[in-house]
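A.B. asks: What follows is each chain in one-letter form.
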Amino acid sequence: MEKIAITGLGIISPSGIDKRVFWANIKAGRSAVEKIERFDASLYPSRIAGQVRELDGYSNVSSRLLKKIDLFSHMALVASELCLEDAKINLSDENLKRVGIFMGNAIGGWLYAETELRDMYLEGREGVSPFMASAWFPAAPQGQISINYGIKGFSKTIVADRASSLMAIGYAARTIIRGKCDFILAGGMEAPVTPYALLCCNTSGMLTENNDHPQSAYRPFDKNRDGLAIAEGAGVLTLEPQSRIAKRGAHVYANIIGYGTTTDAVNRIEPNPDAKQLARAIKIALDDAGLGPKDIDYICADGAGSQIGDATETKAIKDAFGEYAKSVIVSAPKSIYGNMLGASGVLDVITTVLAMENEMVPPTINYETPDPACDLNYCLNKAQKKVIKNACIINRGRGGINCVLILQK
Amino acid sequence: MSTQTDIESKLKSIFKKVLDIEETEIVPGAKLDESLDIDSTEMVEISVVIKKELGVSLKDNELKKTHSFNDIVGILKTKTS
Numbered sequence: 000m001e002k003i004a005i006t007g008l009g010i011i012s013p014s015g016i017d018k019r020v021f022w023a024n025i026k027a028g029r030s031a032v033e034k035i036e037r038f039d040a041s042l043y044p045s046r047i048a049g050q051v052r053e054l055d056g057y058s059n060v061s062s063r064l065l066k067k068i069d070l071f072s073h074m075a076l077v078a079s080e081l082c083l084e085d086a087k088i089n090l091s092d093e094n095l096k097r098v099g100i101f102m103g104n105a106i107g108g109w110l111y112a113e114t115e116l117r118d119m120y121l122e123g124r125e126g127v128s129p130f131m132a133s134a135w136f137p138a139a140p141q142g143q144i145s146i147n148y149g150i151k152g153f154s155k156t157i158v159a160d161r162a163s164s165l166m167a168i169g170y171a172a173r174t175i176i177r178g179k180c181d182f183i184l185a186g187g188m189e190a191p192v193t194p195y196a197l198l199c200c201n202t203s204g205m206l207t208e209n210n211d212h213p214q215s216a217y218r219p220f221d222k223n224r225d226g227l228a229i230a231e232g233a234g235v236l237t238l239e240p241q242s243r244i245a246k247r248g249a250h251v252y253a254n255i256i257g258y259g260t261t262t263d264a265v266n267r268i269e270p271n272p273d274a275k276q277l278a279r280a281i282k283i284a285l286d287d288a289g290l291g292p293k294d295i296d297y298i299c300a301d302g303a304g305s306q307i308g309d310a311t312e313t314k315a316i317k318d319a320f321g322e323y324a325k326s327v328i329v330s331a332p333k334s335i336y337g338n339m340l341g342a343s344g345v346l347d348v349i350t351t352v353l354a355m356e357n358e359m360v361p362p363t364i365n366y367e368t369p370d371p372a373c374d375l376n377y378c379l380n381k382a383q384k385k386v387i388k389n390a391c392i393i394n395r396g397r398g399g400i401n402c403v404l405i406l407q408k
Numbered sequence: 000m001s002t003q004t005d006i007e008s009k010l011k012s013i014f015k016k017v018l019d020i021e022e023t024e025i026v027p028g029a030k031l032d033e034s035l036d037i038d039s040t041e042m043v044e045i046s047v048v049i050k051k052e053l054g055v056s057l058k059d060n061e062l063k064k065t066h067s068f069n070d071i072v073g074i075l076k077t078k079t080s
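As given, the protein sequences belong to chains P and H, one line each in that order. Anchor point for the first sequence: position 355 equals 354 in numbering that gives the first Met the number 0, and the numbering is continuous, going up by one each time. Anchor point for the second sequence: position 12 equals 11 in numbering that gives the first Met the number 0, and the numbering is continuous, going up by one each time.
The shape of chain P in the complex, shown without the other chains (with noise of 0.2 Å):
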């Protein structure tokens, strides 16, 4: 495919929101994954999460405005903002009708929803706040972000479970090609840390119950992995075709080069045993980008923590890779800070970049125990010194979604 440039990134992340503090951590191996105590979560089967701590100190949103928006859109107008002054680019200069917003998520606004559903149940009908109708719904970020700016171009909500976010992304690309937009903002939110959410996400079984223990929970490819740490937080880039940035002089963290997408069509939740389909997906992507097994430097996994998930992972990168498998270097830095769900994704592109950016393979942590169903040369506990130029990031999701993107330095 034609390259897409990454020219900026706004990070809302528990392990930080400036970039620089972001990237220190996830170099470092630093968890952020602790318990939850902004509820009374004790009678959840998994308590812990990763959490943002200082929105406040980065956001300029009125506080009448966040009487009627969810989290989840405030996290997203925040990294909005963040993105564009990394990406240096000043929306008055720009044909708002040409720019779009390609966001991803996977449970909506619920905070919101919630709150409102509890007083609708103690005070009736008329307790429920009427900005309910417009802060719960996916696209509500979609619809700040355009209302915050003014942006009127081709623009999409994507929801695909934990892929949403490197769906969106991929769209976003796919769509700058196919000339509909002269530059994108692409990216993704998820607030799950409330208490229906949580519930949500516990009964889903794909969550981790080592609450004893926040920061070594979430083990992605350890023998005795039990689940994932869900976390909240967000992620926008600014995508941007060729012609463009050579003429703004814009400074290129990556390019978006091949993008591939497939579905199990086997089973609600779980993954396909035989991941194929997942396989496929990488082979799609790889071949988009013009590249073979051998060109991939590095590969930043889904890592869903699970038991199933990890060593099916391990199983269509082996597929996909053939004898190159067990040499390229695989991690899922998420373990550090948790998963972001459908803002997941493009926290894996924007920690790609960085590692690209700082030559380093960023670390999947608290592995201890090997185990024979994922016996790849996984990055583990510490971060590891090396030139990425091509990296490829998948991201999947319940429903059998599987999601492959290509990025060049």
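In short, the hints are calculated from the structure, not lab data. Only a predicted model underlies this, so the values are computations on that prediction, with no experimental measurement involved. Any given hint could turn out to be false.
Under the rule of at most 16 Å between Cα atoms (straight-line distance), these lysine to aspartate or glutamate pairs were calculated in the EDC-like manner [said to hold, decoys possible]: (1) P:Lys18 <-> P:Glu322; (2) H:Lys51 <-> P:Glu356; (3) H:Lys51 <-> P:Asp118.
Footprint (simulated), chain P over chain H, 3 or more residues, beta carbon under 8 Å [stated by the list, open to error]: (4) 18 to 31; (5) 40 to 50.
Beta-carbon label-pair distances, calculated as ranges [as the list claims (entries may be wrong)]: (6) H:Ser80 <-> P:Met119: 30 to 38 Å; (7) P:Ala245 <-> H:Asp38: 53 to 61 Å; (8) H:Lys15 <-> P:Gln383: 54 to 62 Å; (9) H:Ser56 <-> P:Lys34: 40 to 48 Å; (10) P:Gly126 <-> H:Lys30: 24 to 32 Å.
Every residue, glycine too, gets a C-beta built ideally from N, C-alpha and C.
Using the hints provided, position chain H relative to the given structure of chain P.
C.D. replies: Same frame as chain P, now just chain H:
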């Protein structure tokens, strides 16, 4: 029976609470959309708080006819007299 000043004062307090704005921004002739930038959901929230605090129900067709702070004061004055 409430006086015009009473109603204005109570409505200003409701506007301030719902919209998170300073009372000085709410002048009697303030236009709901142009001056105060009130959207449809905020208008509904204002009517809900009016009902809770003043015990006055504003119907949808009454709300649609209001264009300024003074228009709402007028309706409240009629309904509370």
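A.B. asks: Between the beta carbons of lysine 15 (chain H) and glutamine 383 (chain P), is the distance compatible with 54 to 62 Å?
C.D. replies: At 57 Å between Cβs, range holds.
A.B. asks: Checking one constraint from the list: CA of lysine 18 (chain P) to CA of glutamate 322 (chain P), max 16 Å. Satisfied?
C.D. replies: 36 Å, violated
A.B. asks: Between alanine 245 (chain P) and aspartate 38 (chain H), is the Cβ distance one that fits in 53 to 61 Å?
C.D. replies: Violated, since alanine 245 (chain P) and aspartate 38 (chain H) (Cβ atoms, about 41 Å apart) do not stay within the stated range.
A.B. asks: Next pair to validate is lysine 51 (chain H) with aspartate 118 (chain P); report whether the Cα-Cα distance is within 16 Å.
C.D. replies: 14 Å, holds
A.B. asks: Run the distance test for lysine 51 (chain H) versus glutamate 356 (chain P): straight-line Cα separation, threshold 16 Å.
C.D. replies: Judged against 16 Å, a Cα distance of about 57 Å means the pair is violated.
A.B. asks: Can you tell me if the region 18 to 31 of chain H counts as covered by chain P, using C-beta to C-beta distances under 8 Å and a minimum of three residues?
C.D. replies: holds (count 3)
A.B. asks: Take a look at whether the Cβ-Cβ distance between serine 56 (chain H) and lysine 34 (chain P) falls inside 40 to 48 Å.
C.D. replies: 46 Å, holds
A.B. asks: Does the hinted range 24 to 32 Å hold for glycine 126 (chain P) and lysine 30 (chain H) at CB?
C.D. replies: 30 Å, holds
A.B. asks: Examine the region 40 to 50 of chain H: at least three residues should have C-beta closer than 8 Å to a C-beta of chain P.
C.D. replies: holds (count 6)
A.B. asks: At the C-beta level, are serine 80 (chain H) and methionine 119 (chain P) separated by a distance inside 30 to 38 Å?
C.D. replies: 34 Å, holds
This entry does not satisfy hints 1, 2 and 7, going by the numbered hints stated previously.
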